[in-house]
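Quick mapping for you: the protein sequence lines, in order, are chains A and B. In short: position in the first sequence from 1, add 3, done, that's my numbering. In short: position in the second sequence from 1, add 144, done, that's my numbering.
No false leads were mixed into what you were given.
Derived Cβ-Cβ restraints for the label pairs, each shown as a range:
id, chain 1, residue 1, chain 2, residue 2, range
1, B, Gly395, A, Glu158, 34 to 42 Å
2, B, Asn422, A, Thr40, 45 to 53 Å
3, B, Leu428, A, Gly150, 39 to 47 Å
Heads up, simulated SDA-like pairs for lysine to any residue below, C-alpha to C-alpha not over 25 Å straight-line:
id, chain 1, residue 1, chain 2, residue 2
4, A, Lys148, B, Leu208
5, A, Lys99, B, Ala392
6, A, Lys148, B, Tyr199
7, A, Lys99, B, Phe408
8, A, Lys148, B, Ser195
9, A, Lys230, B, Phe265
10, A, Lys148, B, Gly375
11, A, Lys99, B, Gly395
12, A, Lys148, B, Ile201
13, A, Lys99, B, Glu180
14, A, Lys99, B, Ala391
15, A, Lys148, B, Phe380
16, A, Lys99, B, Met394
These are computed hints drawn from the structure, not numbers from a lab. Being a predicted model, the structure only gives us computed values, none of them experimental. For every residue, glycine included, the Cβ atom is placed at its ideal position computed from N, Cα and C.
Read off the chains here:
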Amino acid sequence: MHPPLRAQLALLLTAVVVAGCGGPSANGNQPTAAPSTTIENKGSDTMVNLALAWAEAYQASHPAVRISVTGGGSGTGLAALINGTLDIANASRRIKPEEQSEAQANGVDPVELVVARDAIAVIVNPNNPVDHLTIDQLSDIYSGKIGNWAEVGGEDGPIVRLSRETNSGTHVYFLEEVVRRGDGQDVTLFAPETLLLPSSEGISAEIRQNPNAIGYDGLGYVTPDLKVVAVAREASGPFELPSAETVGAGRYPLSRDLYMYTNGKQAGETAAYQQWILGRDAQAIVTGLGFVPLAP
Amino acid sequence: MRSVTWSEFVITRLIKTAGYSAILFIGLIFIFLLREGAPTLLEVPLRSLISGRWYPIEGYFGLLPLIGGSLVVTLGAAMIAIPFGLGTAIYIAEIAPRWARELLKPLIELLGGLPSVMLGFLGILVLTSWVRTTLDLPTGLTAFTGALLLGGIAIPTIVSVAEDALDAVPRSYREAGLALGATNWQTIWRVTLPAARSGVLTAIMLGLGRAIGETMAVMMVTGNAPVVPTGLGALFHPARTMTATIAAEMGEVANGSVHYHVLFLIGIVLFLISLAVNLTASSLVFRERKRAERILS
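Excised from the complex, chain B in its bound form:
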C-alpha cells in the first residue's frame, strides 16, 4: 500500500515537472534573448533601428527591411498554403475514396519530413528560373519564390493536422446535414468545417509557424536584398528575412559587439511576433469554444 502511494507520488511529480519545464524553458530562452539583445537599445539610437538601411559591417542597423521581408514572404506563403492545405485536407477527409485516402495521407506526411535544405536545392535549380521566365521578372530570386517554397513546407503540416480535425467531427453531424437536404458541398462548408474550426485554425497556425521560422530554404531563394517592401509588388522583388539574416551573419560576429546584440534583438522581434500569432490563434479558438458551450447548455 505504501509503495503504491510512493510510486504515485514520484510519477505525479515527474509529470508536473515535465509540464512546468516547458514554461521554464520558454522563460529562460526569453531571459537569454533579452540579456543579449537589450543592450542594443543603449548602443544604437532608436531612429537608426527603425531606418530602412541594413548594412551591419558599416553600422547601419535598420530593422525595417528585415521585418518587412519576413512579413512579405510569410504572408505570401499563407496565401498559397492555406487554400491548398485546406483543400487537400477536405478532399482527403470528406471526398476521396478510401484507396486514395490511404495513399495520399502517408505521402503528404512523407513530404512533411523532407529536410528544407533539399527543397532549397530544388528551389535554386528549378524554381528560380521558372519564376523568372514565367513571370518575366529581372531575377527569379524573389520573395515570391521563397513564399512558394515556404507554402510547400507548410502544406503538409496544415493538411495533416486539419485532416485529423475534420476526421474527428462526429459522423452524425454530416448525416444530419445530408438528411436536412443539404448537398455534400453545403455539408462540408456549413457543418463539418465550422465544427472542426479550432483544429483547422491550429493546423494553419502550426503550418505558418513552421513557415516564419524556416531559414535555410528561404536564404537560398529570396536573394537576401534588404529592401523595405512598399506594396504588393514587393512580393516579386528580392527580400531579406529576419531568420536568414541571423543565420547568415551570426557565425561572423564577434561576441558582445553591437552587431551581435542587434542580431539578438532580431531574435526578440521574431519571438514576439510568433508569440502574438499564437496568442491570437488561441484566443480565437477559446472564444469559439465558449460560444459553442453556451449554445449546447
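If we strip away everything but chain A, and leave its shape as in the complex, we get:
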C-alpha cells in the first residue's frame, strides 16, 4: 500500500514542479494561449449535457475562457449560488421564494435568464400497449388512485411509478403541473410507493427492463428504446407527442423554460457567454440535443 502512495506523491510533486517551471516561459511565448478566466457552471441534471455542449463550443472559439460544468440538481446549483461559490447556476425550475430570501440574506441577488425550453416526456416500456394518457390520468396514477394498467387501457398489471428525487427541478415541475394539475391550491402528493431514483439513467434503466414501470424525464434524455406516451389536457384530445415542433407551437402540455441564474447583472466574460447562449449558434446546439430552442 505504501510504496505506490509514495510514488504517487512523488509524481504529483514532480508535476507541480514541472508546471511551475514550464508555466512562465510558455506564457512568455504565447500570452493569449493560457486560459485567463474560469466560469463555474453547476446545477440541473436535465441541463448538464446541454451546458457541457455549450461550454465546449464556446471554449473552442474563446480559448481564453475556461468553463467547468457539473450537475447535481437545480437545488444544488442554486444552493451553491446562494453560498457564493458559483458563477452561473443552471435550473430547470424557477428559483423558490425561500431560496430568494435566503440569497438576499447572504447578499446574493439572483438574476434570471431563460436559455432554452424543455418538454417533459412520459415514458413506458416498449412492450406496454398504453400509448396515450390525459393529465388527469397521470395525476391519478402518481397520486395512487390508479394502481393497475388495466384502468388506463393497458394489460392487467401493477403500475410501478418512477420519479426523480425531490431535489430535482423536474420532480417539482411534475408535482405542480401534473400531480396537482397546475392548481396552486391543490395539496395532492406523490403516492408514498413512488420510487425516487437518484438519476435519469436510473429511471431509463428500470423502464427499459420493467414492463410495469412508468416514468418521466426531460425529452433530451429519452433514448429510442423507450416508448414516449402522447399526452392531452382533456380526454377528448388532442393527444400530442413531445417534440421541438409541438412545444414551439404550444400544443404539447408539459413544457417548461430552462434557466440560468447569476449573482447580479454580470459584466465581462460571464455576460459575453450568456449573450452567446442566446445567439443562433448556441440555440442550434439546443435543437441537436433534443431540447427546444427559444423562439427567434
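For chain A, the structure is supplied; the task is to place chain B on it using the hints.
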C-alpha cells in the same frame, strides 16, 4: 540516560494522545450532530416526526419509513451475510485443503476491496431484473435487492475476520475433540466455533456495521420509496434507508433550514443505532470471556 527517558516520555505521550484522540473525535462528532440536529425537536412537533410520511419539500418529516427501511434492508442483509459468511470462514479455516485456502482467502479479501458503487452498477443492471423476473415482483428495485447487495458487501469482512478468529483457536482443542471420538463436524460446531466465539461475533458486527452504513449501492437499487414496512412482505417492496436519504437530500438543503436539521437528526438516530449494536456486541463478548475465565480458574 537522560535522553532515553526523554524520548520514552515523548513516545508514551504520543501513544496516549493517539489513544484518547479516538474518544475525542467520537465526542466531537456527537456534539456536532447534536448541535445541528437538536433544533429539530423545537421546530418539528414530535407527532410529526413519528408519523409515516416523508416528503421534506412540503414539510412532512415522518422518520418511521426511513428507520423501518434501514432495519428491513439491514436485517435482510444479516440473514444473507451471516450464514454465508460463517460457512465460508469455517470452510476456509477448517475443511478446505491447503491450496484452496491459499486461493480463496486473497480472492475474498479482494472482493472486500471493491468499491460499493461498482456493486451498485451491477445491481442496477443485472440484479434488479433478475429479482423481478425470478420472484415475479412488480419491480426489482426492492429492499431485498438492497439486502442481497449489502450481504455481498458484508460477507468479505465477516469471512476475513471470522477466519482469523477460527485460525487462532489452538490446535490442541481440535485434537482433543477428535481424540474424544467426535466427528469433524461435531468438533467444528461444539469446540472450535464456541472457542472463537468472541472473534466471530466481532466479525459479524463489523460486517453488519459496514452494511448499515453503506449508502451508494443501496441508493441505487432499493427504489427509495418512503413506505413504512408492515411485515415480512416489506422485504419485497421498495424501501428508503436513512443513509440514502441523507446522501440524496443533503446536497440540496439550505444551511440552517428545518430540512437540514431533520437530516442531522437522522444522523443522530443512525449514530445511536450503531452505538447500541456495538454496545450489545461488546457486552456479549465480555460476558462470554468472564465465564470462560471462571471455568479456567
